[in-house]
Each structure stands twice: as C-alpha cells, then as structure tokens.
Amino acid sequence: MSAPAPSTAHHTRTSTSHRLRVMGGIAVSILFLFPIYWMVLTSFKQQVDIFTTPPKFLFIPTLETYIEYMQRADITRRLVNTIIVATGSGLLSIVVGAMAGYALARIRIRGAATFGLLILLSRGVPPIALAVPMFLVARKLGLTDKHITLILAYSTFLIPYVMWLMRSFFLSLPRELEESAMIDGCSRYGALFKIIIPISLPGLLSTLIFSMILAWEELLFALVLTNRHASTIPVAIAGIAGDTVNGANWGALTAVGTITVVPVVVFALLVQKWLITGLAEGATKG
Amino acid sequence: MSAELAKQTQATPARRRGRIGDLLVRWSFMVPAILLLSVMLAYPIFYTIDISFSRFDISSFGAGEWVGWENYIEVMDDYRFWESLKVTMIYLVIALPLQVVLGFSIAFLINAEWAGRGLIRALFIIPMVVAPVVAGGMWRMILDPLWGILNYWLGFIGIGPLDWFGDPTLAMAAVIIIDTWRWTPFIVLIATAALLALPKDVFEAAKIDGANWWSTLWSVAVPLLVPVIAATFVIRWLGAVKMFDIVLAATYGGPGKATNVINLFIYEEAFRSLRFAESAAMAVIVLIVTMVLTGLFLYGSRKLEELF
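Protein sequence lines correspond, in order, to chains A and B.
Each residue of the first sequence is one higher than the one before, starting from 0 at the first, in numbering that gives the first Met the number 0.
Each residue of the second sequence is one higher than the one before, starting from 0 at the first, in numbering that gives the first Met the number 0.
Chain A on its own, in the form it takes in the complex (with noise of 0.2 Å):
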C-alpha cells in the first residue's frame, strides 16, 4: 500500500501521508502504554508522592509498598494460588483440548462433529450461569476452597479454548506426515506421540501460555469458589480497589496490580510472534 510511487508528485504526497501514519501510530501507542506506565509509576511511590498536584513523575522511588503488601492481605499466598492453579488448569485444558482438537482435525469418528459443535458453543456460556450451581455443588460436596475446584472449573472455558486453537493448528500440518508413520506400523498414539507432538510443540506452548495467562486473570469464579485457603491474586484485587472503608489505598492497588501483570506480560511476549498468527488464524477460521 505504501510503495513508493514514480512520479516525484505521488511520492512526495505518500511520504507525508506515510509520516503522519507513523507519528499517528507512536502516538496511539503511547496512548495505550501510558496507564500501564503509570501504574508501575505509582507503585514506586510513597504515600506523600501519590496524591499530589500536579501529579508527580519524578520523585525518590521507594520499595516501601512492595515490603509492606508482600506481608498483608496474604499476598504471598494468594501469589502461590494463582500459579499452583493456573498451571494445573492449563496442563489440564492443553491435554485434554489438545486431545479432542486432534480428533476434530484428523481422526473420523461419527458423531464426534457434533460434540465438537458443542464444545464450540459452549464458548458463549455466560460463566455466571455456572458459577451458581458450581458453588452449590461444591459446597454441598465440601470442596469449596480447594485448589482442584478452581482448575476443574477454569477446564470450561479453557479446553474450548485450546481445541478450538489447536483443531487449526493441526489442521495445517500435512497429512502424510501420519499417515506415512502408520503405514510403518505406529499405532495412532504412536504417530501422535513421535511425530505430531515434536513438530507441534511451538504450538502447544503457547496454547498452553495463553491458558494459563486466561486462568491467572480470572475473577468470577475465584471470588466465587474460593474464600481464604485457595484465593487467587485478582480477588484480591478486587478487594483492594473496592475498598472504601480504608479509601483509595493507591500504593496497594498498584504495587499488587504491578505484580500481577509483569510475569504475564513477559511470557506473552516470548511467544508474540505465535500469539498474533494464533489469533488471526482463529479470527479467520473460527
């Protein structure tokens, strides 16, 4: 779109339309990249630095927020949570939907199409329409708290998830790649484990980063199904922001909300590259 034109009267007139794209999109970006920053900011601050006018955006930083919230709220713990449950949940979802993706892609089974549809529009289940009876099942059944209800109950939004990613993944690997090692006597396990997973493992992880980055930020049935022992980092969040006994507590808010987001942006942009096909892949063929 924007290749350089011939005539000296066109191309002076993309070039300054090429610059304006590009300082229009610096511009964007910054637009977008400030809250983060600002965030990050505030966490280093103290209290006297965070309500001023004008803001501030130097001051001398200080770690104060981090040490004092490591020990409240049971921030640590609720740190611990988040990852024991977001790695179990996501080791789950990418076996089983990395499973029943394969089959969709693959293998013929009657029927199979149908529960693959399903699985498919399951995807528009408003969670609140589950959270209700999980909670009344879980409670009658003594497993609210617990970490495995968490995982079990991330398991339905995630395997849809990594099926839906993975039935197209798979889909764009050659077929004779099986097909050649089943002709050699590998069993279709056999196949998937020595051939389908090696070449697929790019795509596996990051299917599996994703989910695990979906189950580290969600709330609903968090705050839902668990309450001390197995409370996860966005509850309390939740709790922090909505606070209005002790007021805006800005240092808290920031700091906690700093923690939460860091590791999450690192692994998202180890696997940026794949991130941004995935998504286009299954904006076009979802």
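Keep in mind that the hints were calculated from the coordinates and are not lab data.
All values derive from a computational prediction rather than experimental measurement.
Interface residues of chain A toward chain B, partial, derived using beta-carbon atoms under 8 Å:
no., residue
1, Ile158
2, Trp249
3, Ala267
These stretches of chain A come out as covered by chain B in the derived footprint (C-beta under 8 Å, 3 or more residues):
no., stretch
4, 33-43
5, 135-142
6, 218-230
Taking CB as the label site, the calculated pair distances span:
no., chain 1, residue 1, chain 2, residue 2, range
7, A, Val39, B, Val92, 27 to 35 Å
8, A, Ile147, B, Gly63, 22 to 30 Å
9, B, Leu295, A, Leu200, 38 to 46 Å
Positions of the beta carbon are idealized from the N, C-alpha and C atoms, including for glycine.
Following the hints, complete the assembly by docking chain B onto the known chain A.
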C-alpha cells in the same frame, strides 16, 4: 455407506474385534474432553435450570420443591433486572462497534512500514494481557475526580473537573473507556494480520485506475475485510457479554445502578442476597438470549461473507 455395512457383516470376529478396538482408540481422543465438560459444564447448566424452577431450600442448600414458572415471573416483574439488561445493552451497543472501528483504524496506522513497526506491534500485546480486574483498578486511579491524572490534564484544555464515578453517564463512559482500552489491542492484532494478508496487486490496480484514497478504502479494502471484521465482532461479542471484572473493580455497578451490568447484578443477587432461585432464573434467561444472539451473529457473518 451400505457397502461399508456389507463389509462389516462379512467381517470375521477377529476383524470385527480389531474394528471395535480401532473405534475405541478413535473415541479415546474425544472422551476426556466430553467427560470433563459434561460434569463441569453440562451438568451445572442443567442444575441451574432445575434451581430456576424450584423454591430454594436454605436448609439443604439446594433445589427444593418445584414451583413452575414462579421465579421467572418474579424476575420478569423486577424492574432492576430490566434496568440491568438495559445498562448491559447500552454498554454493548456503544463499546463493540467503537472497538472494532478503532481496532481496524489503529491497525492501519501501525502497519505503516518503518523500522519500529515490529516493536509497536509487540507493545500492543501488553494492554491485552493486563488482567481486567487490574485494568479496572488502575483506571479507577487515573480517572479519580480529585487526584486522577486525566482530570488534571483535561483541566489544561478547560474541561472538568469531571466526576467520572459520580455521574451516571460519565460512569458508563468510564466503563466503556476502560473496556475499550483493554480490548482494542486484541482487535488491532487481528486486524494487523488481516491487513497484511490483503493482496497488494488489487490496490496497485486501483491506484492505476485513478481511484482516490476514500473509494479505494470503501470499494476495495472494506469488502475484502468483511469476513475478518465480522469474525472479530463475533469473538469480541462473546467476550463482552461476560463483562464483569472491569465493572466490579472500577465502579461496582455505581453510581446507583448506572453501570450494574447483568453479570454483576446476578452475582450480587446470588451471593450477597442469597436469592439463588431468582438468580438461576435470570442466568437461564441470559444464557438463552446470549445463545440466540450468538447464533444470529454467526449466521449474519456467514451471510455477509457470501455477499462480498
């Protein structure tokens, strides 16, 4: 089909056993997902329906006697339910088109070829992975009427101070701004890839034919992009109907009930007021409406694809 059947009847027992074995192996790929989702997804939905037709029994903490449509009638008579649906609708009707248009426009901007393009595209991933609840809390600070940095800046151009969380309209605007901030980058990334995939020669042909910028956009680019735009809209819709975290952290439905979206309302009714039967009825209504609209959107996006 019949030939296959004929073959099957002729098969020796050993071969049939092999066949059944093969069938089992085939199904074994699907069974874990089906089992898990039956227990964790299908069963809860049926249980919700069960509760929605019962009186909720506090002593056994489960569905009590059958009361027919009673809960549904009660919910339908509840003006708060309708208010909440209205609020949700306003949010959806403004936020979704805004985010799609903004997403594709920004994608056009950041797709300009220059050295920093890859970096900018990577940076756009960051807002996308900020937990919605963090986004809500963070923006609550930025939009704070007294100490927030946005009001401070708006003061320079003579606006404000705006009471973002005290005024019903502004509170809705705040929710939409936060949601748009969180979700537009997601659309930008999809749109970026879609724009890059557009065939270049069509645009060159349009240029040679002397088409101006606007008509190129409307008669060449948009028709080519319609399938992706429609798909993006559907995906974003599926996320937006689940709106909960941002509102909970930023406004908690306030002021009054101005931003009390349906998921938050049901949550409050169930877990604060312990009106489980009524909230189950509401959840079922929302589930049906969502499913019907999702089906319509999917059908509509298919139709659009055929049209262009």
